[in-house]
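Take these sequences, add in the hints, and give me the full structure.
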Amino acid sequence: MIGINNIGCYIASERISNLEKTEKHGVTHDFIAEKIGIASVARKKPAEKASDLCVLAYDDLAARVAKSALDDIEFLCVCTQNGDYQLPQTSAIVQTKLWISKNCAAFDISLGCSGYVYSLHIAKSFMDACGLKKGLLFTSDPYSEIIDPNDKNTDLLFGDGATATLLTNNPVFDLGNGVFETDGKMFEHLIKRDNEKLVMNGRGIFNFAMTHVPEIVTRCLNANALRKEEIDFFLFHQASKYIIDNLRGRIKLEQEKVPFLIKEYGNTVSSSIPIALREYLDKTDKINILICGFGVGLSIASSILRRR
Amino acid sequence: MANITHEDVMAIIKVTGVKLDGEKIDPKESFSEQGADSLDMINIIFAIQEKYGIEITDEAISDGEWLTLDKMVINLNKPLEQK
Numbered sequence: 001m002i003g004i005n006n007i008g009c010y011i012a013s014e015r016i017s018n019l020e021k022t023e024k025h026g027v028t029h030d031f032i033a034e035k036i037g038i039a040s041v042a043r044k045k046p047a048e049k050a051s052d053l054c055v056l057a058y059d060d061l062a063a064r065v066a067k068s069a070l071d072d073i074e075f076l077c078v079c080t081q082n083g084d085y086q087l088p089q090t091s092a093i094v095q096t097k098l099w100i101s102k103n104c105a106a107f108d109i110s111l112g113c114s115g116y117v118y119s120l121h122i123a124k125s126f127m128d129a130c131g132l133k134k135g136l137l138f139t140s141d142p143y144s145e146i147i148d149p150n151d152k153n154t155d156l157l158f159g160d161g162a163t164a165t166l167l168t169n170n171p172v173f174d175l176g177n178g179v180f181e182t183d184g185k186m187f188e189h190l191i192k193r194d195n196e197k198l199v200m201n202g203r204g205i206f207n208f209a210m211t212h213v214p215e216i217v218t219r220c221l222n223a224n225a226l227r228k229e230e231i232d233f234f235l236f237h238q239a240s241k242y243i244i245d246n247l248r249g250r251i252k253l254e255q256e257k258v259p260f261l262i263k264e265y266g267n268t269v270s271s272s273i274p275i276a277l278r279e280y281l282d283k284t285d286k287i288n289i290l291i292c293g294f295g296v297g298l299s300i301a302s303s304i305l306r307r308r
Numbered sequence: 001m002a003n004i005t006h007e008d009v010m011a012i013i014k015v016t017g018v019k020l021d022g023e024k025i026d027p028k029e030s031f032s033e034q035g036a037d038s039l040d041m042i043n044i045i046f047a048i049q050e051k052y053g054i055e056i057t058d059e060a061i062s063d064g065e066w067l068t069l070d071k072m073v074i075n076l077n078k079p080l081e082q083k
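Sequence order for the protein chains is A and B. Numbering of the first sequence is given in the working numbering, commencing with residue 1 and proceeding in unit increments. Numbering of the second sequence is given in the working numbering, commencing with residue 1 and proceeding in unit increments.
Treat the hints as calculated values from the structure; they're not laboratory data. Fair warning: there could be bad hints in the mix.
[What the hints assert, rightly or not] Among the chain A residues that face chain B by a calculated CB cut under 7 Å, a handful are: (1) F31; (2) V199; (3) R203; (4) N207.
Ideal Cβ placement from N, Cα and C applies to all residues, glycine included.
Here is the structure:
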């Protein structure tokens with residue numbers, strides 16, 4: 001069965017300090033440090049596209065695995081809503097930039113912060129169904145291209161990053177049963193209309209997260225016949241410190257089981273879970289990990305990763 | 001349903017963990033003047049919605065109808081169709 005073998009990451013190296021934007025956005029240092037929890041946001045170079053970030057994440061992955069581990073890639077997918085072009089699919093561009101054989105399925109998945117969980121399940125199902133043994137799942141959603149720097153709701157939150165997950169039939173983590181929900185009537189709470197910048201209704205996102213995440217965590221545990229106590233840690237989409245802190249409180253989880261890891265680079269959308277997950281790949285005492293992404297759609301997805 | 005009191009609303013706020021300035025708050029003063037920031041207000045209003053099963057619109061909030069403890073209590077005690 002296909003699962004996660006390894007993860008490479010790229011977080012854009014330029015940082016923009018949020019603490020220098022307090023006056024511009026009319027917020028305090030305490031608000032940024034204690035509520036948003038993001039001291040700086042990562043920014044890609046203006047000329048870099050989503051596919052370039054994928055290549056940089058791939059380079060990091062290549063440095064973590066044996067050279068032969070990345071031979072014979074048969075599957076490639078990119079989760080993004082800010083691809084290089086409206087068409088073609090960014091995955092085709094990544095395929096050629098990485099010199100991957102043409103005997104490779106390649107497509108994009110259009111999802112935001114729930115995208116990694118969805119994409120894992122889509123990739124696993126596709127690869128298992130087609131008998132494919134090795135694949136790459138990329139996440140790359142450079143929000144700096146669509147943010148209005150004068151909008152405090154988004155300017156203080158989002159950073160640029162990408163990940164490359166190696167999927168094989170000899171994984172470190174097997175994927176459990178996924179659970180998924182959509183509340184399409186809330187689609188305008190996080191939206192980028194044609195020729196406009198990203199608009200986010202922070203209240204709508206908070207309400208959605210507080211209502212749906214606790215419910216889907218319970219559903220996910222039930223779907224995988226696990227109790228809360230059997231989860232070594234809960235990896236929620238790294239939206240903001242305030243959302244993570246409140247989820248931890250509402251679900252009554254220990255602080256050390258719910259990490260918040262994005263202080264130095266910001267919310268990287270569908271990359272936030274795999275960037276954080278990589279920190280735990282080598283920690284063999286972490287057996288069961290619950291992952292949960294939520295955002296654009298509004299959409300939410302949760303699953304279990306079980307160390308093999 | 002019995003009238004909703006200032007104490008009822010303050011009990012809800014306490015559960016959210018939102019920290020306000022001082023032991024006793026002024027019911028006529030806005031929460032933002034008493035230590036609540038924009039995220040705290042989102043949290044408080046969400047908790048009230050959840051507790052009483054009501055929906056408070058963005059418009060009602062931006063019109064200032066939920067800015068003070070007094071206003072919250074008055075709104076919560078209105079008949080359902082007027083909220």
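Here is how each hint holds up against the structure:
Here the hint on A:F31 is kept, as its CB sits about 6 Å from the closest CB of chain B, short of 7 Å. About 13 Å separates the beta-carbon of A:V199 from the nearest beta-carbon of chain B, more than 7 Å, and the hint is not met. For A:R203, the interface hint holds, since its Cβ comes within 7 Å of a Cβ in chain B; the closest pair sits about 5 Å apart. Here the hint on A:N207 is kept, as its CB sits about 5 Å from the closest CB of chain B, short of 7 Å.
The structure fails hint 2 only (numbered hints given earlier).
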